[in-house]
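*Asks:* The primary structure of each chain is shown beneath.
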Amino acid sequence: MKPVVEVSHLSKRFRLPLDKSTTLKYRVTHWRSASRYRDLNALHDVSFDIPAGQFLGIAGPNGCGKSTLLKILCRIYEASSGTAVVNGEFSAFLELGVGFNPELTARENIYLGGAMLGLTRAQLHDKIDEVLAFAELEDFAEQKLKNFSSGMQVRLAFTVAILARTDLLIMDEVLAVGDASFQEKCFETFNKYKREGKTIVLVSHDLNSLEEYCDRVLLLNKGEVIADGPAAEVTAAYHRMIADHAMATAQDLPVAHTLGDLSRSGSQAVQIMSVGLLDGNSQPSRRFETGDPLILTVDLLAHRDVGDFVCGVALRRSDGVLVAGTNTFLDHVTVPSNPPGGIISIRYTIDSLPLLSGGYTVQIAVEDTTGKTTYDHAHPAASFHVESVGGHIGLLEIHGGWQVERKDDVAADGAVTART
Amino acid sequence: MTVVAQGRGHLEPITRPKSISQRNLNLVRELSITQFKLKYTGSALGYVWSLVKPAMLFGIMYLVFSVLLSAGGKSPEFPVQLLFGIVLWTFFAESTTLAMNAIAGSSDLIRKAYFPRWILVVSSTGSALLTFAINTLLVVVVTLLLGQLHLSWVSLLVPLYIIELAALVLGLSLLLSALFVFFRDLGHIWEILSLVLFYGSAVVFPLGRLHGALLSIAGLNPIAQIIQDIRHCLIDRPGVDSMATLIGPLVIIPILATVAIFILGYAVFNRLTPKFAEAL
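Residue numbers (my numbering), protein chains in the order written: chain A, 1 to 420; chain B, 1 to 280.
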């Protein structure tokens, strides 16, 4: 029997442009610099088959290429070389509720979401009551999706997602969105599919689920298959790998040259690509005078959609004393990671540098909005020197105002009261 | 167990139709209708808005060009010509502008779901066609009741010209939507080009007012030819000549240009399709 999925010598190379060439004007005025991009080898020579009826899990650290592999299977990305063939009908859940519109009613969204899967209005029309019943939304059929609770939305999305009969189910961490009982419902459905002899591909971080449900697990690292076998064996190998090289596996992507030798940490889902310091004329500089403008530039690369995230900066004196720090969250600035893959350029402008003479370093941190997960952290990310001419002493230049008045009637000895 | 986990009943999956084109057509229809619906829900006057804009444009243009500048000369048919010109132009301008964002504005869909990408562009044109069809019907009925239409056998050719217009719009939409993903200043460029086309397409004056080389140049523009020929089909009067009468055998050029634009748009779109998901 023919395998459901045949992947042979599959490679995928992303070309990440280093400049923002998204305008015709730029193309016309910079026609000579057409080749400024960085290659990212997301997948390298991956080969495997999936026989019918197998439940295959794909695991690996962030940036290992598993999502890329899935997107190539779903024909969203094109392979750079090699082939990936799916024999038969497939349903892909890269995200629940793709194509749903919050302004439409539940009924209208079922027609739309069903059409995305390839089902016709007539087919859906006959089933609509059954679908609404399964999603437990009979009483809300004519309500707009935007008025639904998130639980109702997930139920509707999941019900629509499993509507089409399919030979192969491709899923990317859909399970992450629901609570424990929703995940249970997902696995119930997977089990049903399994009993019916369907083939399932599941990408997940959750090694326990993979071990429990999958027949076979593929472990990817740096775009290559490093283990392929029975679920228990591969997940055990992965656990060992994590323990052995916790840091090494996290930093599985090349770091931009400017930051190559730094102490780095974090999951690298969003990566600091480069950090620069500019003076008031937007020229790179490492020497500033007190009161000068200083512009800190940070280029970030989101490898995947992690929602909105936070970029923080801190300035430290050369001896490590924390002088000042803030982040985009505190300053009510939103930094979206969506769409992933592009360079996010952040500028932090200090109109007038309050620091006095000395050497300073810049610390950059990229975290999620709760501050619990660090995506990338670099210190020192840059360093600079400040000279001051005013003769102030200490760490910061303070801008007080002096007032002097003479109160002859108070003190006969001519004491002067100084106030700020 | 919470509510989420208790699906009631049993849901038997539906087998998709065998024919891929049936699935695609169904998706085009769903997306077109959805877009059309969304455009007009949420505002109190709803669909009326799609009439207000061309009506305002007609009022202003009529005042400026017909009353103040007497662009229509002595032609009593000029106001109706102007009306048709504006309805056709509004469709052309709105559908191309809308289509520009059809791919770039659906980055979520493109990166998370697979279906042929042209469906997004065709649906965008489809929803613009729906508005256009209703506007046209209204204008035809009103002008017919006012006795301003002069129908004849050539009126039967109107559907052919509408097909030409749809092909032109679709070709341009494919081209613009694909290029816009990579060149975001195309929006501004197209806005300026549209303005040039607007005045070059004799929307606000009878094409017959142009002479010699100017007429030939304007006549080579497919949108001018389509507008003029549809006017001729519906107002069969001297002074409202068909493009063939005005520029002779050269009329083949705008028709060929439409075909060429369609092929170019299709080819460029096909070529760039695999790069959409990565570029967005």
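Worth double-checking, as some hints may not be accurate.
With a cut-off of at most 27 Å between alpha-carbon atoms, the simulated DSSO-like pairs for lysine-lysine come out as follows [unchecked claim]:
#1 B:37 - A:144
#2 A:127 - A:192
#3 A:222 - A:127
#4 B:37 - A:25
By construction, these hints were calculated from the structure, which means they are not laboratory data.
*Asks:* None of the hints should be skipped; say for each whether it holds.
*Replies:* Status of the hints after comparison with the structure:
no. : hint          : result
1   : B:37 - A:144  : 13 Å, holds
2   : A:127 - A:192 : 20 Å, holds
3   : A:222 - A:127 : 45 Å, violated
4   : B:37 - A:25   : 36 Å, violated
Violation of the numbered hints given earlier is confined to hints 3 and 4; the remaining hints are satisfied by the structure.
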